[in-house]
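Assemble the whole structure, with the sequences as input and the hints as a guide.
Taking my numbering, the leading residue of the sequence shown gets 323, the next gets one more, and so forth.
Keep in mind that the hints were calculated from the coordinates and are not lab data. If you're wondering where the values come from, they're calculated on a predicted model, not measured in any experiment. Even glycine gets a Cβ: it sits at the ideal position worked out from N, Cα and C. Hints may contain errors.
Computed beta-carbon distance windows for the label pairs [unchecked claim]:
no.	residue 1	residue 2	range
1	Lys344	Ile394	11 to 21 Å
2	Trp451	Gln381	14 to 24 Å
3	Ile351	Arg379	37 to 47 Å
4	Lys344	Leu434	43 to 53 Å
5	Asn448	Gly352	51 to 61 Å
6	Ile363	Ile341	18 to 28 Å
7	Ile394	Phe327	18 to 28 Å
8	Leu434	Leu364	18 to 28 Å
9	Pro424	Gly346	27 to 37 Å
10	Tyr367	Asn440	32 to 42 Å
11	Val420	Leu345	17 to 27 Å
12	Trp451	Gln347	48 to 58 Å
13	Val447	Leu359	37 to 47 Å
14	Arg378	Ile341	15 to 25 Å
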Amino acid sequence: MLIRFILLFTLIPLIELAILIKLGQYVGIGYTILIVLLTGILGAYLAKTQGMDVLRRIQTELETGNIPGNQIIEGLCILVGGAMLLTPGLITDLCGFVLVIPLTRVVVREWLKVKFRNMIERGQVNFYWNRWQ
323 MLIRFILLFT LIPLIELAIL IKLGQYVGIG YTILIVLLTG ILGAYLAKTQ GMDVLRRIQT
383 ELETGNIPGN QIIEGLCILV GGAMLLTPGL ITDLCGFVLV IPLTRVVVRE WLKVKFRNMI
443 ERGQVNFYWN RWQ
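Put into structure tokens, the structure is as follows:
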């Protein structure tokens, strides 16, 4: 697990830097900076609007007495996606947009639900719950 984190926090930024340098060589440094700024601004806007929408849906589910499981997973996706969009780089921007845009976020949510279910069934994660009375 430690090796994965080391690779995640060293290898990905190096790849991102190489891609940004190549992009700067092709389109120029000004356009490269503009692309990075625009994806950050657009990402922040999308994360805010989608996050507020998910919060409203969570509130609606709670008011009707339902557990907002899907909305919580989507909220987590938006949080991670928003952070990725604020990080300079094209790979992280692509992953961030996948997590923030509703159409693709639903696919990721369903994939995560399967992963969580498998982890619980294998005993890798313990799940505790108690009904409110």
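Each hint, compared with the structure:
no., hint, verdict
1, Lys344 x Ile394: 11 to 21 Å, "39 Å, violated"
2, Trp451 x Gln381: 14 to 24 Å, "21 Å, holds"
3, Ile351 x Arg379: 37 to 47 Å, "42 Å, holds"
4, Lys344 x Leu434: 43 to 53 Å, "32 Å, violated"
5, Asn448 x Gly352: 51 to 61 Å, "52 Å, holds"
6, Ile363 x Ile341: 18 to 28 Å, "20 Å, holds"
7, Ile394 x Phe327: 18 to 28 Å, "24 Å, holds"
8, Leu434 x Leu364: 18 to 28 Å, "24 Å, holds"
9, Pro424 x Gly346: 27 to 37 Å, "32 Å, holds"
10, Tyr367 x Asn440: 32 to 42 Å, "35 Å, holds"
11, Val420 x Leu345: 17 to 27 Å, "20 Å, holds"
12, Trp451 x Gln347: 48 to 58 Å, "54 Å, holds"
13, Val447 x Leu359: 37 to 47 Å, "39 Å, holds"
14, Arg378 x Ile341: 15 to 25 Å, "36 Å, violated"
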